[in-house]
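Peer 1: Heads up: the sequence shown begins at 69 in my numbering, then just goes up one per residue.
Simulated from the structure, these hints should not be mistaken for laboratory data.
Among the hints, erroneous ones may be present.
Unchecked claim - Simulated DEER-style distance windows between Cβ atoms:
id: 1; residue 1: Pro435; residue 2: Val299; range: 42 to 50 Å
id: 2; residue 1: Asn387; residue 2: Asp135; range: 33 to 41 Å
id: 3; residue 1: Asp135; residue 2: Thr376; range: 13 to 21 Å
id: 4; residue 1: Glu405; residue 2: Thr130; range: 23 to 31 Å
id: 5; residue 1: Glu296; residue 2: Thr376; range: 38 to 46 Å
id: 6; residue 1: Arg129; residue 2: Gly305; range: 32 to 40 Å
id: 7; residue 1: Glu347; residue 2: Val304; range: 26 to 34 Å
id: 8; residue 1: Arg403; residue 2: His379; range: 28 to 36 Å
id: 9; residue 1: Arg129; residue 2: Pro435; range: 23 to 31 Å
To be verified - In silico DSSO-like links for lysine-lysine, alpha-carbon gap of 27 Å or less:
id: 10; residue 1: Lys333; residue 2: Lys244
id: 11; residue 1: Lys329; residue 2: Lys309
id: 12; residue 1: Lys244; residue 2: Lys283
id: 13; residue 1: Lys329; residue 2: Lys339
id: 14; residue 1: Lys283; residue 2: Lys399
id: 15; residue 1: Lys264; residue 2: Lys307
id: 16; residue 1: Lys338; residue 2: Lys351
id: 17; residue 1: Lys307; residue 2: Lys333
id: 18; residue 1: Lys423; residue 2: Lys351
Idealized CB from N, CA, C, for every residue including glycine.
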Amino acid sequence: MWSFHSPIIMSTTQTNKAALIPSKGANFSVSETSIPDITPTEVLIRVHAVAINPVDAIIQRTGMIIDNYPAVIGCDCAGEIVRTDSDVTRFQPGDRVLAACAPSVFDPQGPKRDNWGTFQTYVAAKATVTVRIPDQLEYREACVLPLGSSTAAIGLFSTTKLGLELPQLEPVSMGKTVLIWGGSSSVGSCAIQLAKAAGYEVATTCSNQNTEFCKGAGADYVFDHRSEEVVEEILVGLKGKEIVGVFGCVMPADALTKCGKLASKLGGPKKFVTVFAGEDQAKQIAGDAFAAIPRDVAVSHCDEWLNTNEHVRSAFIDNWLGSALEKGLMKCLPRPEVLGRGLEHCQEACDRMLKGVSATKLVVEVP
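Let the sequences and hints guide you as you build the complete structure.
Peer 2: Structure below.
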């Protein structure tokens with residue numbers, strides 16, 4: 069009998085639909101398009117659910133990183149592999165997976181194509197950033213993880229960022245503490261879980277309404293970011309702790325300034341990593357916020373893609389994430405809010421994202 073998890077058989081007459089951006093700043097237009105060709109190191113995925121990230125809405129409205137139109141964007145998906153190529157041995161058609169997709173400007177090892185994104189029925193994804201998911205995990209849940217968890221892994225574990233010890237399936241306490249600003253965000257909730265899996269205590273910030281959410285993700289200390297005295301409260305609350313750095317997982321300028329001050333005053337290596345994809349994006353969105361950061365703080369950004377950092381990629385993708393999902397060590401956070409079934413809901417999701425969301429991930433299912 070056919071089931072929800074029965075493998076899809078790829079037909080030679082199968083068609084692809086995509087939420088296309090026809091021109092700079094334009095709304096999505098759903099129409100038929102070609103199925104992406106895959107390279108020897110890629111898999112073709114029949115997408116069942118996509119998650120929307122802040123960067124997706126920013127790319128659509130600003131045209132950032134888009135060279136040609138029409139374009140297909142989107143970074144997160146979960147679905148089923150329908151085709152593999154010659155160099156891929158870890159997967160086969162029928163495997164249920166999550167995957168992160170990125171343009172060549174983020175992933176220099178990726179092919180240059182205008183239809184790189186996940187907002188389509190079929191997407192090509194690098195096998196090296198694709199992860200098999202447990203049978204009991206719904207696609208709508210799995211799709212919230214790829215970009216958020218990948219960004220968190222780079223920020224925490226890259227030796228050019230915070231350089232923390234790598235996550236383990238049986239973590240050993242390091243006796244050290246990391247401050248993660250914005251724990252109810254997508255990157256923040258993943259960063260909390262990854263830091264705990266690496267053996268660190270976690271202090272985080274959020275609004276009071278999301279305190280229990282952050283504690284549920286694993287945070288040991290939670291501070292109200294709306295408090296006018298939050299910087300002093302964190303300094304007092306973490307007094308005597310060995311701090312390994314500050315990871316800023318949200319983009320507002322005032323948050324960046326506070327993170328910089330804390331990185332300077334908390335002691336330790338005085339490292340501050342932002343969630344931005346690079347210096348240009350940071351300046352474009354946050355303006356002059358970085359000018360207020362003390363000069364003794366080493367500021368870096370999440371400007372690496374997993375495929376360019378084998379140290380982090382292999383530890384996180386190959387050795388940890390799939391097993392952590394199977395064992396329940398990694399939760400699919402933030403929880404999904406499904407806005408609808410069909411790619412036409414991608415526009416509603418991006419519009420909602422621009423207004424701001426917290427402790428939830430906007431998801432569109434792809435029938």
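Peer 1: Indicate, hint by hint, whether the structure satisfies it.
Peer 2: Tested hints:
Distance hint for Pro435 and Val299: a CB-CB separation of about 48 Å, consistent with the stated range 42 to 50 Å. With their beta carbons about 35 Å apart, Asn387 and Asp135 fall inside the hinted range of 33 to 41 Å. Judged by the Cβ atoms, the range 13 to 21 Å given for Asp135 and Thr376 holds: they are separated by roughly 20 Å. Roughly 25 Å separates the CB atoms of Glu405 and Thr130, a value that falls within the hinted 23 to 31 Å.
One distance hint, 38 to 46 Å for the beta-carbon pair Glu296 and Thr376, holds here, with the actual separation near 40 Å. Between Arg129 and Gly305 the beta carbon distance is about 38 Å. The supplied range of 32 to 40 Å therefore holds. Range check, Glu347 to Val304: Cβ separation about 33 Å, and the 26 to 34 Å hint holds. Taken as a hint, the range 28 to 36 Å holds for the pair Arg403 and His379, whose Cβ atoms sit roughly 31 Å apart.
One distance hint, 23 to 31 Å for the beta-carbon pair Arg129 and Pro435, holds here, with the actual separation near 27 Å. Taking the CA atoms of Lys333 and Lys244, the gap is near 16 Å; set against the 27 Å cutoff, the hint holds. For the suggested pair Lys329 and Lys309, the alpha carbons sit about 17 Å apart, so the restraint of at most 27 Å is met. Between Lys244 and Lys283, the direct Cα distance comes to roughly 18 Å. Compliance with the 27 Å bound is thereby established for this hinted pair.
Straight-line distance between C-alpha atoms of Lys329 and Lys339 comes to about 11 Å, which keeps the hinted pair within the 27 Å bound. At roughly 13 Å between alpha-carbon atoms, Lys283 and Lys399 fall within 27 Å of each other, so this suggested pair holds. For the hint pairing Lys264 with Lys307, the CA-to-CA distance comes to about 20 Å; that is within 27 Å, so the pair holds. Taking the CA atoms of Lys338 and Lys351, the gap is near 21 Å; set against the 27 Å cutoff, the hint holds.
In summary, the hint linking Lys307 to Lys333 is supported, as the alpha carbons are separated by about 10 Å, within the 27 Å threshold. Proposed proximity of Lys423 and Lys351 is supported: the alpha carbons are some 21 Å apart, at most 27 Å.
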